[in-house]
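Asker: In order, the protein sequence lines correspond to chains D and Z. In the numbering used here, each number is its position in the first sequence, counted from 1, plus 1. In the numbering used here, each number is its position in the second sequence, counted from 1, plus 137.
Since the hints were derived computationally from the structure, they do not count as laboratory data. Using N, Cα and C, we set each Cβ at its ideal position, and we do this for glycine too. Any given hint could turn out to be false.
[To be verified] Reference listing, derived: stretches of chain Z covered by chain D, where coverage requires no fewer than 3 residues with Cβ under 8 Å from a Cβ of chain D:
hint, region
1, 153-164
2, 204-214
3, 258-268
4, 371-380
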Amino acid sequence: MDEAELRTLALAAQEGDERAFEALVRRLTRSLVALAFRYTSDWDAAGDLAQETWIRVYRSLGRWDPKRPFTGWLHTIHRNVCRDHVRRPWERRQESRPVERIQRLEAPGSHAPDALLEAREFRERVMEAARGLSPSQQEVFLRVDVEEEDQRTVARELGIRYGTLRVTLHTARRRLAEWLRPLEGRT
Amino acid sequence: MMDSVDCRVFEDQLERLVDGTLADVARDLLEAHGEACTTCGRQLELKRHLAGPSLAELEARVPLHVVDGMYGRVRDALGADASASAREAQPQSVRPGRPAGLRGWSSLRVPLLAAASLILLVATGALGLQLREARLREARLELDLEAQRARVAGLRTLAGGSRGASSAPSWLRLLSQQETITVAELVELLDRVPSDRVIVSEARFRLLKSRPSSRMSRMVDGLLDRVPAGEALRATDLLQAIDEASVRRDLTLPTAELVDLLS
Chain D
2 MDEAELRTLA
12 LAAQEGDERA
22 FEALVRRLTR
32 SLVALAFRYT
42 SDWDAAGDLA
52 QETWIRVYRS
62 LGRWDPKRPF
72 TGWLHTIHRN
82 VCRDHVRRPW
92 ERRQESRPVE
102 RIQRLEAPGS
112 HAPDALLEAR
122 EFRERVMEAA
132 RGLSPSQQEV
142 FLRVDVEEED
152 QRTVARELGI
162 RYGTLRVTLH
172 TARRRLAEWL
182 RPLEGRT
Chain Z
138 MMDSVDCRVF
148 EDQLERLVDG
158 TLADVARDLL
168 EAHGEACTTC
178 GRQLELKRHL
188 AGPSLAELEA
198 RVPLHVVDGM
208 YGRVRDALGA
218 DASASAREAQ
228 PQSVRPGRPA
238 GLRGWSSLRV
248 PLLAAASLIL
258 LVATGALGLQ
268 LREARLREAR
278 LELDLEAQRA
288 RVAGLRTLAG
298 GSRGASSAPS
308 WLRLLSQQET
318 ITVAELVELL
328 DRVPSDRVIV
338 SEARFRLLKS
348 RPSSRMSRMV
358 DGLLDRVPAG
368 EALRATDLLQ
378 AIDEASVRRD
388 LTLPTAELVD
398 LLS
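Between the sequences and the hints, there should be enough to build the whole structure, so can you do that?
Answerer: Have a look at this one:
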C-alpha cells in the first residue's frame, strides 16, 4: 500500500470511518512495533507503545494536515511515545519481570530467550543513561544509534550542519560509554 | 600492533567498522586502537550492542500475538476511557443484586468483617506510605523538570530564540546577566551561535594566551591551546576544543570571568 492509499484511508478515518481507521492499524502496526522494539528489545513492550501511539493518533486525527504525508505524521507521534517511554524510568521499574515472560520473548526466527533478555536489559540501561545527555545529544543519539536513521537526514530535519551532528554524536557516545563502564561484563 | 590511529579518525570510521564495510588493513588498525584506547573501545562495544537487524527485518520478525487484535485493544482502551467518564456521571444509588451463593453468610458477618477491616487497615497503611513516597518523588521530579525548563528557556532567550540567529557580542552581553553557567549549557548555547562566527579575534586570542592564569583562564587556556595559533577563534572551534578536552559537562563556570575572557 503506497502513501496515496494510506492518505485516502487517513482522510476517511478523519471523517469518522472506523473501518478505514482499522485498515490503517492493520497496515501500519508492524512498522510501529519494529521501531519501538529498538527502544525496548521486548516485543510486548513494543506492542504497548504501538497501542499507545494508535490511541494518540485516534484522538488527534482531526489535527492531521492532509497536505503532509500520513506516515510522517504517524511516526512523529510514535517517536514521541517512544521518547516518553525513555523519559519515564519509574514506569519500567514498576513492570513485573516474571520468568514466564522470557517465554514470550521467543518468536519465530529470534535468538535464544537468555540473549534477548540480556539485550533488553542492556538497552534499558542505555536508555536510562541517555536520560543524562543534553537534549540535543539525546535527540541525535536516539535517532542515529537507536533508530538508525540516516545522519544527513537527521541533520537536515534538526536544522544543524552535518559536522555539528557528528560532534554531538561523538560526545554523546563517549559520555554513554563512560557511564556504562561500571556495568561492563554483564552484557 | 602499534597504535597509530587518532581517536577522531576512529570515531569517524566507527559506523563502517561495525558495518564491516572497511578494508582489512583499516579494520585491523582501528580494532588495534579500540583495544589500546579505553574510551574508543567502549564506544565500539556500545555501537556493536546497539547495532541490530534493519527495520524491515524487524518488521518481518514481529510476533503475531503483538499485532493481532491491535485494533480491538485500541478500541477497548478508547472505550474504557469513555465508559470511565460515563461512570463518573452515574448516580451512586445504583447497585447490582447480591449473588445467590452468598445469601447465607450472615452468621459469619462479624468475624469476617473484623478480619477484612484488619487486612484493609494494614494494606491501606502500607499503600498510603507507598503513595506518599511516590507523590513526593513525583513532586521532586516536577520541580527538577520545571527548574531545567526555566534554565533552558533562559538560555534560549540568551541565544536569541533560534539557532544561528544571535551574534556573539549580544549573547555574551546577555550571558553576563547570569551568575554561573555549566559547561553543558555553554555547549548548548554555542551550538546556537552560527558555527563559523568569530567569537574571539586573533589579537584578543594572543592576549588571552599571555595573561596570568586563574583557575578559569587555566581551563580556557588548555582549551585554546588546541586551536591553531594565529587564527581567530570561531564558535565551532571552541565547541570542538571543549569536546576534545573532555571537560566535565557539569562543571560550573562563573559567567563574569567567562565574559571577561571572551568579550
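Asker: All hints are to be evaluated individually against the structure, with a verdict given for each.
Answerer: Now for the hints, and whether the structure bears them out:
no., hint, verdict
1, 153-164, "violated (count 0)"
2, 204-214, "holds (count 6)"
3, 258-268, "violated (count 0)"
4, 371-380, "holds (count 4)"
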